[in-house]
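Colleague: Input sequences plus hints: build the corresponding full structure.
Protein chains: 2
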Amino acid sequence: MSAQVLDGKACGAEVEAEVKAKVSVLNERGITPHLAVVIVGDDPASHVYVGAKERACERVGVKSTRIDLPADSDFSKVVDVVEKLNSDPSVHGILVQSPLPKGMDELAITDMIDPAKDVDGFHPVNLGRLVQGRADGLVPCTPAGVIRLLEWGGVDISGKNAVVIGRSRIVGAPVSLLLGRKGVDATVTISHSRTSDIADVCRAADIVIAAVGRAEMVQADWVKQGAAVVDVGVNRVDDESRERGYRLAGDVHPDVADVAGHLSPVPGGVGPMTIAMLMLNTVTAAESNS
Amino acid sequence: MSAQVLDGKACGAEVEAEVKAKVSVLNERGITPHLAVVIVGDDPASHVYVGAKERACERVGVKSTRIDLPADSDFSKVVDVVEKLNSDPSVHGILVQSPLPKGMDELAITDMIDPAKDVDGFHPVNLGRLVQGRADGLVPCTPAGVIRLLEWGGVDISGKNAVVIGRSRIVGAPVSLLLGRKGVDATVTISHSRTSDIADVCRAADIVIAAVGRAEMVQADWVKQGAAVVDVGVNRVDDESRERGYRLAGDVHPDVADVAGHLSPVPGGVGPMTIAMLMLNTVTAAESNS
Chain A
1 MSAQVLDGKA CGAEVEAEVK AKVSVLNERG ITPHLAVVIV GDDPASHVYV
51 GAKERACERV GVKSTRIDLP ADSDFSKVVD VVEKLNSDPS VHGILVQSPL
101 PKGMDELAIT DMIDPAKDVD GFHPVNLGRL VQGRADGLVP CTPAGVIRLL
151 EWGGVDISGK NAVVIGRSRI VGAPVSLLLG RKGVDATVTI SHSRTSDIAD
201 VCRAADIVIA AVGRAEMVQA DWVKQGAAVV DVGVNRVDDE SRERGYRLAG
251 DVHPDVADVA GHLSPVPGGV GPMTIAMLML NTVTAAESNS
Chain B
1 MSAQVLDGKA CGAEVEAEVK AKVSVLNERG ITPHLAVVIV GDDPASHVYV
51 GAKERACERV GVKSTRIDLP ADSDFSKVVD VVEKLNSDPS VHGILVQSPL
101 PKGMDELAIT DMIDPAKDVD GFHPVNLGRL VQGRADGLVP CTPAGVIRLL
151 EWGGVDISGK NAVVIGRSRI VGAPVSLLLG RKGVDATVTI SHSRTSDIAD
201 VCRAADIVIA AVGRAEMVQA DWVKQGAAVV DVGVNRVDDE SRERGYRLAG
251 DVHPDVADVA GHLSPVPGGV GPMTIAMLML NTVTAAESNS
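As they're listed, the protein sequences go chains A and B. Counting from 1, one number per residue, gives the positions in the first sequence under this note's numbering. Counting from 1, one number per residue, gives the positions in the second sequence under this note's numbering.
Please keep in mind that the hints were generated in silico from the structure rather than gathered at the bench. Nothing here was measured: the structure is a model prediction, and the numbers come from that model. Where hints are given, some of them may not hold.
[To be verified] Facing chain A, from chain B, some residues (calculated, C-beta under 8 Å):
#, residue
1, Leu127
2, Gly128
3, Arg129
4, Gln132
5, Gly159
The beta-carbon is built from N, C-alpha and C at its ideal position, and this holds for glycine as well.
Modeller: Here's what the structure looks like:
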């Protein structure tokens, strides 16, 4: 058996087509959705991600503005930039690319972004709405993309046992809320580094969301025959056979494809979904605030 | 075997003693913590709860003001009252007693309360902080009380399997976040009405939090020998042998006491904890905003 591919490029393209249609409607009202991306320092992976987001904006007709700040910027400088963007009515979405330089308080910056422009969905107001079971606002992009990808793949969620590996504020915690909320209705277990029997927990699951950031941690014998597995991990693994010296690996071992019913690849699974959902959030923000 | 009692009266009294000490410190700075309770209509249970909260305020030295609005009050009238309390610097905590009259949008009122005065901890900002793993602010009272009661009872949480039955924004969802966050470290499963095998899920748990609102639903054969069981339910069950025609029952069947290692009673378990944590939140709000 080989798992059906949860193809994030194909599903993401569908989302982007929807976004494009929404952009057209906004254009007719004289509005161009506008995303501002703040990037502090020169983390190479961040620049790759931001580049991909800018290209997505071009594809769907969202205007993007990129604000590059040097790595040694003061915290107050970043605050300043965010506040200007908050008060600029031409900007609908604000994203401060993570990670910020060491020592800069990322949560404090997140708290400062106008929740109505928080297209990452990381502001406490937007996360708190998920606790309330409300998913009609700015939902974190990767968790929203995971749900959308499962639905796209025809994976049954209601009444199924889902296990989320990892409890980050970015992925693990919000995706567990989305999976368990009314209308989606999975029974959700959140496991993490302190879970004593993580392989056992995993084996009981119909749906596995791996968001832990450890290369190929989820083994084939952790996965129930036919389970749907979504791999959120993007890890660098040393590989001298590659010119760049590393390869990208997910949190899920490739052999899981022999056991799982559905599996999202890395790359080409959750990555494109995250970007597509960011475009959707930007348009949602533009619709609400104009 | 008979379960150790998770005695909410005793544990709550300890919390109240801490609160009293904090109130003394505030008094020395010329501050008296002040809780405003808004009650709309004449739901008898609500009046009982509000009365209990007022008595707790008296015990710990918190000033309480009660605003009674008639059941047929306009939504705008309630908004008006909340806004006045938001902008009144002498008020540190605001609580709008649930339930509001039928048809009145409770979430909209919750959204309106200044998060810094939201001593119920129900505002999205305060719930969202839990998703971020931050529990240093205004944490919902019942979930916070559940954790405190488990700790007080000497129940090991770290690395244990906890099952939360019920996914409400008031109890189930936030308590699952508190149990699973870093430093508390349970592996948490949230189950609900759509869970297919709730008894099985329950049997695998070292800790069971029953917050579903169905009288005596959790049976003795659902519970693992020695598990800790916290009963959040308060249900009215018809009982003609009582003068008032009903008795109060938890979500947990009394026979669970023969199997569980720890069990919180109803009444006298989570109820007093909720009130004690409300007092703690009121003082925390007064400390932060004065």
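Colleague: Each hint: holds or not?
Modeller: Verification of the hints:
no.: 1; hint: Leu127; result: holds, 4 Å
no.: 2; hint: Gly128; result: holds, 3 Å
no.: 3; hint: Arg129; result: holds, 5 Å
no.: 4; hint: Gln132; result: holds, 4 Å
no.: 5; hint: Gly159; result: holds, 5 Å
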